[in-house]
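Here the protein sequences line up with chains F, U and Y, keeping their order. Quick note: the first sequence uses the numbering used here, first residue 1, plus one each step. Quick note: the second sequence uses the numbering used here, first residue 559, plus one each step. Quick note: the third sequence uses the numbering used here, first residue 752, plus one each step.
Treat the hints as calculated values from the structure; they're not laboratory data. Treat the hints loosely; a few may be bogus.
Unchecked claim - Once the Cα atoms are required to be at most 25 Å apart in a straight line, the calculated SDA-like pairs of lysine to any residue come out as:
| no. | chain 1 | residue 1 | chain 2 | residue 2 |
| --- | --- | --- | --- | --- |
| 1 | Y | K819 | U | K669 |
| 2 | U | K564 | F | V173 |
| 3 | U | K653 | U | T619 |
| 4 | Y | K810 | U | R656 |
| 5 | F | K504 | F | M421 |
| 6 | F | K134 | F | L122 |
| 7 | Y | K819 | Y | A841 |
| 8 | F | K68 | F | V173 |
| 9 | U | K641 | Y | L826 |
| 10 | Y | K810 | U | D644 |
| 11 | U | K564 | F | A530 |
| 12 | Y | K769 | U | R650 |
| 13 | U | K564 | F | V520 |
| 14 | F | K195 | F | R537 |
| 15 | U | K719 | U | D647 |
| 16 | U | K669 | Y | V802 |
| 17 | U | K641 | Y | V768 |
| 18 | U | K669 | Y | L826 |
| 19 | U | K669 | Y | M786 |
| 20 | F | K288 | F | M196 |
| 21 | F | K15 | F | F496 |
| 22 | Y | K819 | U | K719 |
| 23 | F | K15 | U | K564 |
| 24 | U | K564 | F | P521 |
| 25 | U | K653 | Y | A809 |
| 26 | F | K288 | F | V362 |
| 27 | U | K641 | Y | M786 |
| 28 | F | K68 | F | G41 |
| 29 | F | K288 | Y | R820 |
| 30 | F | K195 | F | V58 |
| 31 | F | K134 | F | A169 |
Stated by the list, open to error - Non-contacting residues of chain Y with respect to chain F, defined by C-beta distances greater than 10 Å in every case (computed):
| no. | residue |
| --- | --- |
| 32 | K769 |
| 33 | V770 |
| 34 | L836 |
| 35 | V840 |
Said to hold, decoys possible - If you only want the chain Y side, here are some residues facing chain F, beta carbon under 7 Å, derived:
| no. | residue |
| --- | --- |
| 36 | E818 |
| 37 | C829 |
| 38 | F832 |
| 39 | P842 |
| 40 | V844 |
Note that this is a predicted model, so its numbers are computed, not measured. For glycine and all other residues, C-beta sits at the position ideal for the given N, C-alpha and C.
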Amino acid sequence: MSTQTEHAEPGVLKKYLWSTDHKVIAMQYLFTGMAMALLGGFFAYGFRMQLGFPDHSVPGLGLITPGKYNALVTMHGSIMIFWVAMPVLIAAFGNFLIPLMVGCDDMAFPRINRLSYQVFLLSILVLLASFFVKGGPFGGAWTAYPPLSASGAYNLTPIGATLWLVAVALEFVAFLMGGINFTVTAMNSRAPGMKMYDIPILVWMIILANVIFMASVGPLIAGAIMLLFDQTMATGFYDPTRGGDPLLWQHLFWFFGHPEVYVVLLPAMGIVAEIIAVFARKKIFGYKMVLYTAWAVGFLSFVVWAHHQFVAGIDPRMANIFSITTLLISIPIAEMVFLYIATLYGGSIHLDTPMLWALGFVVEFLIGGVTGIFLGSSGTDIYLHDTYFLIAHFHYTFVPIAIIATFAGITFWYPKMFGRMLNETLGKIHFWGTIIPFNVIFIPLFITGIAGDQRRVYNYALFAEQSRPELQHLRTVSTIALLFMLAFQLIFLFNFFWSFRRGKEAGANPWRSATLEWTVPSPPPHGNFAEMPTVYRGPYEYGLPGHAEDFVPQNVPD
Amino acid sequence: MSATAKPIANTRSGTGIPTARLITWWVIASEIVIFGGLLAAYVMHRIGHPEWADAASHTNTWAGAFNTFVLLTSSLCAVLAHKAADARDGPRAAKLLRLTSLGGLIFLCVKGYEWTTDIRDGFVLSSGGFWSFYYTLAGLHGLHVLAGMIIMLIVSADAAKNRELQRVECIGLYWHFVDIVWIFLFPLLYIAR
Amino acid sequence: MTTEAQTHAHVDHTNYVKVWAILVALLVVSVAGSMTHIREVVLVAAFGVAVVKAYLVAKNFMHITVEKRWVPYLLVVCLLFIVILFAGVAPDVMHHSGLHWTNPSANQAERSAAGAKRE
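I would like the entire structure built from these sequences, with the hints used as guidance.
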C-alpha cells in the first residue's frame, strides 16, 4: 500500500512553520524545548551564583535582589518542567517516534498536532512577555501557593503572576490536545500485525504519561481558573476570610503535581528501555512486567499527592495514609529498574554514548528514588521538608529525567532525525562533563539540607538562626560545579550543530535496532514508509539463534 | 497535504472504534476531570458553609429548569441528527444539528437574562463564596456550550454536502456530555441549594 | 466492521422522542420535589433524578452501552479519580477548626447566618 500524500514541494514557510508532518512538529518542539533549557539553565546560574557568592553582582544579571531571586527560582522550576521536560520528552520524541514506531504515515489528526504546537508556542510568548511587564516575572514559586500567588500586594509581581498562570494554562491545553492525538494514534493507527504487546515500550510509556496527564490536570485547570479570578476579579476562592481555603489550591495543585512527575518519568524510562535493549543486544527482561509496573505506578501516582503537604497543616490522619501510599509507589518503580538491570545481565554490552546516558540515568535516578523514602515518610519529612535535602532529592530524579534521558534520546535518535552521526568522542566528553559536575552540585546540598538549610531563601545572612557560615563552602562548591556543568553543554551544542553537515552519514540503521523507525531512510521522507509495513514479531528480537544477524526487525516476514 | 486528504493513520482502527469517535471519548474523559474538579471544590465548600444557603436561594429556579428543558430537547435533536447521518441523509442531519445549535443559543440567551438580573440585584462574581462558584461553574459550562455550537455549525456545513458525516455523531457525543454536566449543575445550583 | 453494524442496528430501534419525554417528566419531578422543602425529598428529587437522567442520556443518546466496554470503564475511572480527590481534600476544606487551628471568619459567618435565620 503506497502513501496517499503526493503533492508539490511546499515553500519554506509552509514546510517549517505551517507543516502538519509529525516529524517537523517534533523538531519544532525539540528546538523550542532546547532553547528554553538554555534559559532555565541561565536562571539556575543566576540564583546559584547568589547562593554561592552572596551579595556579589552576578555577571549577566547584576545584583540579585530578593525579588529577582524569587523570580529566578520560580522561572527556573516552571520552565524546566513545563517548557523543557514535557515538550522534549513527550512532544518531541513522541511526535517523531510514535507514527514511525507503530508503522503509520503520521498522527491520526495532523492538524490538531500543528495546533498543539501553536498553542504551546503561544504559551511561551505569554511567559516571555511576563519578563518585560511592570514588576517582572512571577516570583511566587512554581507551586504558586495562595495567598502569595493570589495577591499582588504580597508577591509584588501582579501582572507577571497572571501572565504566568495563563502561560501554564495554555501549555496544559497544548499538551491535552497533543496527548489525546498521540493516544488515538497509538491505539488505532498501528501497522497490521502489531498487537498490544508488540508495541515498543517507549510508545506505551508516552501514552501512559499522556493518560496520567489528562486525568490529573483537570482539577488543576479548575483551580487555575479560580486562582485567576482571585488574582484579577476580587474573588475569594482561596481566602479563608471570605469563605475560601488556601489549602484547596495546594491539594488541587499537587493532585496534578505528583502524577506530573510520573508524566515526565515514564517517557524517560521508555527512552532508557529502548537504548538498553539495543546496546545490550538483548530483549527487555519482562516486557509485560515493565508494562504492569508502569500501569501500577500510573494508578498509584493519583493517591500519593499530599506527601507534598505534610507540614502544610493537613489532617494528620491523611498524613498517615499518604505516607503509606508514597512508600508503596517506590515498589513498582524499583521493580522497573530491576527489570532493566536484568536486561543488562548476560547482554553483549556496547558502551556507546547513548548507552552511557541510559546507564547514567539508572544510577542517578536510583539515588533520587532512595532519598525520596526519607521525604515520603511523614515523620522524617517534618524535618526535611523544604530543605535542600528535598531540592537535592528532586534534582536527582528530575535531572535524570529531563537532562540525562533527553541526552540519551537525542544521541540515540539523532542519526534517524538528521541523517548524520554525532561525534562519539565529543559525546563521551560531554557525558562525563555533565554527570560528574551534576553529582558535585547536589551531594553537598544533601548535606546542607540535613544540616537545616531552607530552600527559597536568597541570603542566609539575614536570618540569624539560619546563618551558618561554616556551610558556605559547600554552597560555593555546588555553584562552581554548576558552572562546569553549564560549560560542558557547549560541547554538546557544538557537536549537535556541527554534525548536521559534518557528521558521518548515518544510513537507515546505524545502531542495528529492531524497531520500525530504523527500517526507513534517515531522515524519513514525508509519509514515512514507501510501503506501509506489516508486523510479524515483538520489538526486541535480539540474539535469536539460527539467524545470520543478531537481530530481526519487526517487519521482516518469518 | 490537501484539506481533505487524510493520513492512513486516520483511517485505521486498531480498537474497532473509528478515530474520530475515539478522540471524542478521550476529550470527554478529560472534560470529566475538569468539571469534576471544579464541582468537587464547590461541593466541599458548600457543605462546609451552610450559611451560603441564603445566597443560593436567589438563583432563578424557573430559568434553570427551562434551560434544562432546552438542553434536553437539543440533545434529542443531536441524536436524531446522528440517526440521519447514519442513514447518510446529510442535509437532514445538518438541519437537526442547526436546531441543536439553536437550542444552545436559547440556553445562552436565557442565561444572559438570568445573569443580567442577578448582577442588577448586586450579585456579582466577587459577591461571596457561593456567587464566585456559581458564575465560575455556569460560566465554564456556558463556554463549552458556545464552543459546541460553533463546532456544530462547522460540522453541519460539511454534513449538508454529505461530507464528513462521521463527525455528526462525534459532536453529538460532546453535546450530550455538556448536557449531562448541566443535568448535575441544575440541582446543585438551583434546587438542592 | 461488525461493531459499527451492531451500533447502527441499535440506533435504529431506540425511540428517541420517548426517551426525551421521560427525561422531561423527570425534570418536572425534580422541580416538584424541590418545592416540598422536605430535605430528604429535595435531595432525592434533585440528585437521584440527576443520576437517572444522566444514565438515560448516556445509554440512549450516547450509546455508551453498545460501545467497546473499556470506554465506559475509562469514564468511570475518571469519575473515581474525582472521588479520590474529594476524599483527600474535603477533610481539610470542609472543616473550620482542627487540633491546633480555627478559622474565625468562617465560624463567624456560620454563626451570624444561623443567628439571622433564628430571627
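- Task: Quick one: which hint numbers does this structure break? Sort them smallest to largest.
- Result: 1, 3, 7, 8, 18, 22, 27, 30, 34, 35 and 36
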